[in-house]
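Note that the protein sequences, when read in sequence, are chains A and B. Counting with our numbering, you get residues 1 to 114 for the letters of the first sequence. Counting with our numbering, you get residues 1001 to 1111 for the letters of the second sequence.
If you're looking for bench data, these hints aren't it; they were derived computationally from the structure. It cannot be assumed that every hint is accurate.
As the list claims (entries may be wrong) - A few chain B residues that face chain A, going by a derived Cβ cut-off under 10 Å, partial list only:
1) Tyr1036
2) Gln1038
3) Gly1041
4) Asn1075
5) Phe1090
6) Gly1096
7) Val1100
8) Phe1101
9) Gly1104
Where a beta carbon is used, it is the ideal one built from N, C-alpha and C, also for glycine.
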Amino acid sequence: DAGVIQSPRHEVTEMGQEVTLRCKPISGHDYLFWYRQTMMRGLELLIYFNNNVPIDDSGMPEDRFSAKMPNASFSTLKIQPSEPRDSAVYFCASSLTEDYNEQFFGPGTRLTVL
Amino acid sequence: AQSVTQPDIHITVSEGASLELRCNYSYGATPYLFWYVQSPGQGLQLLLKYFSGDTLVQGIKGFEAEFKRSQSSFNLRKPSVHWSDAAEYFCAVEYGNKLVFGAGTILRVKS
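In isolation and in its complexed conformation, chain A is listed as follows:
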């Protein structure tokens, strides 16, 4: 298996633009997680899905952020409009349904908002 795939790896955009980050989880994994990593706040969980359904979005910073999972093999995290403070590395992770819940992380998308 190729592991968790994220695209793009790097994104540079201007303030006010829409940004879409993409994730393909490991096949067969029923849980998908979106994290944000910054120097100031460390690694934060934004939202996670189970069987394509959002379960907990309490970590989503504000309404400018939205996430979808239209099918078991694809998820998007959208920021509209983007702001400089959204600059961070965004990680996607997936895991099986079993109780031990080991998460496998993608390589991340480094977002820079100018």
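Chain A is fixed; fit chain B onto it per the hints.
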């Protein structure tokens, strides 16, 4: 609330020396505990995990960790550090299908 504390932001050790990274957690029930490693520009990779049973857990790359319930700790150890171990290490506790991460410890290895 569940939390994970990694008291050391940076640690520097000499190559070949032993290593211990500290982790303390706050969680009411029996925890599921993890250590992840992140190399520069990379995602996180699982080193080891504890769910139950033997409190000394062996992981990849020669790492081990010991769960001590009385101290609410899950410290990571390696007997002899290699230059390739330089990275950032994160301790995490599972809470309701979610991982709560510590702030991380950056390990520097000097030759």
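Hint check:
no. : hint    : result
1   : Tyr1036 : 8 Å, holds
2   : Gln1038 : 9 Å, holds
3   : Gly1041 : 8 Å, holds
4   : Asn1075 : 19 Å, violated
5   : Phe1090 : 7 Å, holds
6   : Gly1096 : 8 Å, holds
7   : Val1100 : 8 Å, holds
8   : Phe1101 : 4 Å, holds
9   : Gly1104 : 6 Å, holds
Checked against the numbered hints above, the structure breaks only hint 4 and satisfies the rest.
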